[in-house]
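Novice: Start from chain A and add chain B according to the hints.
So the protein sequences, as listed, match chains A and B.
Each residue of the first sequence is one higher than the one before, counting from 202 in our numbering.
Each residue of the second sequence is one higher than the one before, counting from 202 in our numbering.
Since the hints were derived computationally from the structure, they do not count as laboratory data.
Chain copies aren't distinguished; within one or between two, either way the pair holds.
Derived DSS-like pairs: lysine-lysine, alpha-carbon spacing no greater than 30 Å straight-line: (1) Lys221 - Lys343; (2) Lys221 - Lys452; (3) Lys204 - Lys221; (4) Lys206 - Lys481.
Number of protein chains: 2
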Amino acid sequence: MKKYKVGMIGLGTVGTGVYKTLLSSEDIEIKKIVVKNINKKRDIANFDESILTTDAYEVINDPEIDILVEVIGGVEPAWEYISGAIKNGKHIVTANKELLAKKGEELFNLAESNNRVVLYEAAIAGGIPLIMPMKTIMAGNKISQIRGILNGTTNYILTKMDIDGASYDDVLREAQELGYAETDPTGDVEGFDAMYKITTLSTIAFGSRVKLENVYREGITKVRAEDMKKANELGYKIKLIALGNLDENGKADVRVHPMLVKKTSSLAHVDYVTNSVYLKGFPMGEIAFTGPGAGEFPTASSVVGDIINIVAELKHSDYILPMMRCNHDHNAETIDISDTYNKYYLSITAPNNIGVIGKIGNVCAERNISLSTILQKGLSEDNTADITIITEVCKEADIQSAIRELSECTIDSLIRVEG
Amino acid sequence: MKKYKVGMIGLGTVGTGVYKTLLSSEDIEIKKIVVKNINKKRDIANFDESILTTDAYEVINDPEIDILVEVIGGVEPAWEYISGAIKNGKHIVTANKELLAKKGEELFNLAESNNRVVLYEAAIAGGIPLIMPMKTIMAGNKISQIRGILNGTTNYILTKMDIDGASYDDVLREAQELGYAETDPTGDVEGFDAMYKITTLSTIAFGSRVKLENVYREGITKVRAEDMKKANELGYKIKLIALGNLDENGKADVRVHPMLVKKTSSLAHVDYVTNSVYLKGFPMGEIAFTGPGAGEFPTASSVVGDIINIVAELKHSDYILPMMRCNHDHNAETIDISDTYNKYYLSITAPNNIGVIGKIGNVCAERNISLSTILQKGLSEDNTADITIITEVCKEADIQSAIRELSECTIDSLIRVEG
Chain A
202 MKKYKVGMIG LGTVGTGVYK TLLSSEDIEI KKIVVKNINK KRDIANFDES ILTTDAYEVI
262 NDPEIDILVE VIGGVEPAWE YISGAIKNGK HIVTANKELL AKKGEELFNL AESNNRVVLY
322 EAAIAGGIPL IMPMKTIMAG NKISQIRGIL NGTTNYILTK MDIDGASYDD VLREAQELGY
382 AETDPTGDVE GFDAMYKITT LSTIAFGSRV KLENVYREGI TKVRAEDMKK ANELGYKIKL
442 IALGNLDENG KADVRVHPML VKKTSSLAHV DYVTNSVYLK GFPMGEIAFT GPGAGEFPTA
502 SSVVGDIINI VAELKHSDYI LPMMRCNHDH NAETIDISDT YNKYYLSITA PNNIGVIGKI
562 GNVCAERNIS LSTILQKGLS EDNTADITII TEVCKEADIQ SAIRELSECT IDSLIRVEG
Chain B
202 MKKYKVGMIG LGTVGTGVYK TLLSSEDIEI KKIVVKNINK KRDIANFDES ILTTDAYEVI
262 NDPEIDILVE VIGGVEPAWE YISGAIKNGK HIVTANKELL AKKGEELFNL AESNNRVVLY
322 EAAIAGGIPL IMPMKTIMAG NKISQIRGIL NGTTNYILTK MDIDGASYDD VLREAQELGY
382 AETDPTGDVE GFDAMYKITT LSTIAFGSRV KLENVYREGI TKVRAEDMKK ANELGYKIKL
442 IALGNLDENG KADVRVHPML VKKTSSLAHV DYVTNSVYLK GFPMGEIAFT GPGAGEFPTA
502 SSVVGDIINI VAELKHSDYI LPMMRCNHDH NAETIDISDT YNKYYLSITA PNNIGVIGKI
562 GNVCAERNIS LSTILQKGLS EDNTADITII TEVCKEADIQ SAIRELSECT IDSLIRVEG
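For reference, chain A alone in the conformation it holds in the complex (with noise of 0.2 Å):
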């Protein structure tokens, strides 16, 4: 049987699951892995090392290597290595979400032109399949929401805090020594991991290219621990929440931030790294798919489907996965997160003057902005009161106004909250 060759850029935790896992294949091999130290000692049994090199042009130029995996993230080299790779005619599978957000539309233009695929089953959710059904099965829908926790690290996080009622710079330091954490964790915690993933999903369901400096992104390391309690109190949980709407105009809402969600509801379930994406469409309904959204073998999974399936076409046609090409050819008109409409919850503390409740209500009501819950309890010794309010959907510029009016008071907190 002939054997179709991959050559791999990275051998870190991803790249090796995907080493074993392709070594029992019949008719795929790994000939050539592109590694910055030859001498690591890798935790493979058995382990070849004369298959490994430092220099990416020997998997780039080799004729007889027909996919590149890459799996080192970032964007350089990572774009200097897949764009070479294509026009030496290579298909690619890569992990790189970032990648994918940044320069998705000259990378799959580079593809197509020639008539190379690039996949990516692996950049979103882990194991999850996602972007193969949404691509293939799923093609006859018009898909219109996206909801998902898609950052398993600050989902740990978030959901140590609420179990332990820890702070976040205690749990951050814990889920770091445990590895769940990267030592510079900017990348998870500030919400970029999860904005490059919902800028490319959001593309892929509302099938126009939604651009990264339209997506808004907070991050969860402003979120309290006296939020997470008081969240609980009023039936909540603090999840970050991707989030993708098209309106019926076709104008799209995308945006990462840390949310207020319902317990009775499943995404508040989702706890620790689970990854979970609930997609909205017609006229399939609301399909929810979960699972692990990281993790060696999980990932490896993925890298490995979308390898397994270029190959299984390269055998019979020269034109492979036509419904996994990217078909977009404009841009989606996006709607600045000052115009879109939402629920709030805001901690606030106020000077413990008379009226500070009466001019809170004021300052809403002259912005037509409803109060669903408002909760005082008691006074500190400093003489200042702690005020919950969960308002009822109202626009964020107005929320925002209404925030800048109460100068005397002090917001320590303002998350959105699902609904």
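Specialist: This is chain B only, laid out in the frame that chain A set:
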């Protein structure tokens, strides 16, 4: 643009959804639809009745038709029509779970020898993408377990019994009035529908053909309101669960029966007509798919998805969708229900002879059956005792032998317990 032609057999709920969804397609046209009654009033605006026919061979023998969509269900005449269409060079899209479970081997052999594909996303779990993901992006996995709620009608009945505390008969009548259950509900309530689905899912997942006669089946007709109530008190819900397990020796244990599932588990919260399927595999881990398991539009989404994928590949190749073909050339070895290991819930009416609890204890102990829960609440007016037991994991043959030995007791219910 060339229009690919579809012939459809059946224009009931699903067929109508398919027709409406494809109306806006640029490259797919429904050319003819076979119905029993041409004059029936259809819920379709501006419907062109000239495409209707009562003669299936007008579709089967039409050389212009590329794809036959079969949405009538049942083995005959569906098998006659489908096999005829394959021999005439048509690809098949079907929602017929019974035909797949009973005629799968012949069907896929016939299709393969004619270089035609048979797609059936709609046959299992309605709008939930399951078959295509399993056969494509999850192809690198060894799947060892399927657990799920695959029948909307029975899940609706069990949910209503649980919420209203009502009897099976009362809820069934209500479900029939609302159109959630058929006039003859046997196919759903006796577990046949779920059995057909888990048979096909297990065949795909385990990579060997599971025969229908080796699948254990038990419906929900014997589940009593009292069992629901007791299960609730003990921290469980009762659901009709479809299971497929592959053991270390490659033997498949495939079955459908009511089951007590912990209230804390996700499956316990899958209510009314929602379906949910959990797939456990390596390297992917466990992935859950949840969504609408039936209905005009969700099911149409899957039928239309299959059609779109066939057409997309037909444009480029004569040998299409290699991953979607059936590659099972051997039958699965299976495990008889009597050789499986489970926990059991037993509701027993015992004569109030002194020592009956002792006898139950001894009969179980002799068979190495440990009891984790024993509940007896007072004595009833006729001086019998109502005893509820949950066992630890034990062999099915042993629990059945214990029941035979307890001949002086009436076993009101035996329901298997998750875990």
